[in-house]
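Undergrad: Read off the chains here:
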Amino acid sequence: MIISEYMRNEHRECDELFADTEKSVIDGDFTKAEEQFLLFADKTLTHFKKEEESLFPTFEELTGNTEGPTRVMRFEHEQVRGLLGKMAESVENKETDAYLSLAESMMILLQQHNMKEEQMLYAMCDRMMPQEIKEKTLSTMKVIEL
Amino acid sequence: MFNQGGLSLEQAPPFLVVLRFFITATTFGLLLGISLLAYGSELFYIDYTTQITLIHILAIGVMASFMFGALFQMLPVIAGVVIQTPTKKAMLILALLTTGLITQLLTFNSNISLLYAVSAFLLGGGLLHATTIMIRRLVKIADHSTSSKGMLLALIGFSLAILLGIYLLLSLGGYVDATFLIQAKEAHYSFALFGWVALLIVSISFQVVEMFYVTPKYPTLLSNYLPLTLFSLLVLKTVLIFSSINTQMVDGLLAILFIIYAGFTLHRLYKRKRPTSDATVWFWRLGMGLLIITMLLFLADTTVGTDASLKFVSYFTFIGFALSIVFAMMYKIVPFLTWFHLSNQGYIEAPMMHEVIHPKKAKNHFAIHVTTLLLWGLTAFFSQFYILASLMVIISFGWLLYHLIYAMKKYNHTQKHTKKMEW
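Respectively, the protein sequence lines represent chains D and Z.
According to the working numbering, the first sequence is numbered sequentially starting from 1.
According to the working numbering, the second sequence is numbered sequentially starting from 1.
Isolated chain D, as found in the complex (with noise of 0.2 Å):
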């Protein structure tokens, strides 16, 4: 279950960051909300990179499937950078109540997308993949960088 443990490791570091950032918000504390969201923002950009170029293509390669659940989550990930975007925007402009909807948007988003991922994809992926390109994907996957 390495990839399922790795993956889901940097799930729950992205909630943290997002959680730091809401708390920020609400207290009124836009500076450090900015610093908070941006990275945030980065973690959770990085993880989709790592995702996009090389667990999910292993995945496809193995199951010679294009059309599946991958496809499925890079559409997701495209709605999450969308509202990356919006939030961006309303941390600069110190607005509360656009950036706690935006939020909140988010958090629904990003926790339907990661318990698929986690339930399903990643779980096929430990299932399948032979051990060697499970530890080949994790190794190129740690290194991948924004």
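Where hints are given, some of them may not hold.
With a Cα cut of at most 25 Å, we get these calculated PhoX-like pairs of lysine-lysine [unchecked claim]:
(1) Lys-86(D) <-> Lys-88(Z)
(2) Lys-32(D) <-> Lys-273(Z)
(3) Lys-420(Z) <-> Lys-23(D)
(4) Lys-94(D) <-> Lys-273(Z)
(5) Lys-420(Z) <-> Lys-86(D)
(6) Lys-94(D) <-> Lys-361(Z)
In short, the hints are calculated from the structure, not lab data.
We have chain D already, so just place chain Z on it with the hints.
TA: This is chain Z only, laid out in the frame that chain D set:
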């Protein structure tokens, strides 16, 4: 297992169809309040007909409508279930549920034998049609989540409650032998309340509490085995009922398990990562608190026995529990889905969640809901609060109805009057 299209909206019915279920449920809630007012404080001395009329408006008109609407939307999302031609199916189910329930209410109050058969066919058939569609899809999925297994059991529990209900209607109408009427009635209630309403809430919570509030996971032992244990206990209870054996032990176990579940949920909410404490968190906390009170009263009743007032309190705390969770879900999923469906369709000006229903409105509803419950608590001991308590039921459902209609208007307005991006 996996769906094509993000949140799998291609397999879900259009948002307006789901909203119609919610609006129907809320309208029946208004009818419930009006009926309570009409019956007056004689509620405590009412006949059996009035009791079952009120119970069915609440259990089917309100709860089943809310839950089927939510299931139609959530099954593709959290269980990966694909329902073909969802709009057609959803509309047929809603039509059968509504006409069937109205026929049933007329049946109870007119006692015309033919109507018993008609309502058994319309309502029983409609509800069974709905559960069968969902069960058939759920059993086929390969990778079950903690929630999907529980949802499957809850739907089986509801199907059993419906079958028992059909038997009750047909025996009351004189179509079948009524030898097991009393046993069937008890089993019907226990599957409807615990095997459907409570079990569905338990199962869905394993996924949505974590998803909406970013909480630690429930212990695997609990999320994997609780739904099946509860369901098995209910089956055992039914066997005992039909064998005329005391069900005290099983009732006690059921109550303890529900208390453990509620305790874990409260702890999850306490440990949530998100700092916001919006009204929906409070609705969940209240719901779990009321579930604990209900089960403690239920335990007391099965062991030492309770008086009529405390029994009445346990009924409305259970109703309060179920409605608190339904309201918590409404204020999360309606704004989210309005925004989500519209932005997915390419509307650049899709309203944000707070523009659909602002959290302040949910907070106001929470205050209304708590006041309603407190007044019913007082009514259990002082009947002069009855009118006020009934009025609060109307205000509570009226408040939600207004915001659901507002969401629907906002949705329609965005579709008709704003620009759409084509991709």
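Undergrad: The structure should be examined with respect to each hint, and the outcome stated for every one.
TA: Hints, one by one, checked against the model:
no. : hint                     : verdict
1   : Lys-86(D) <-> Lys-88(Z)  : violated (36 Å)
2   : Lys-32(D) <-> Lys-273(Z) : holds (18 Å)
3   : Lys-420(Z) <-> Lys-23(D) : violated (34 Å)
4   : Lys-94(D) <-> Lys-273(Z) : holds (22 Å)
5   : Lys-420(Z) <-> Lys-86(D) : holds (18 Å)
6   : Lys-94(D) <-> Lys-361(Z) : holds (23 Å)
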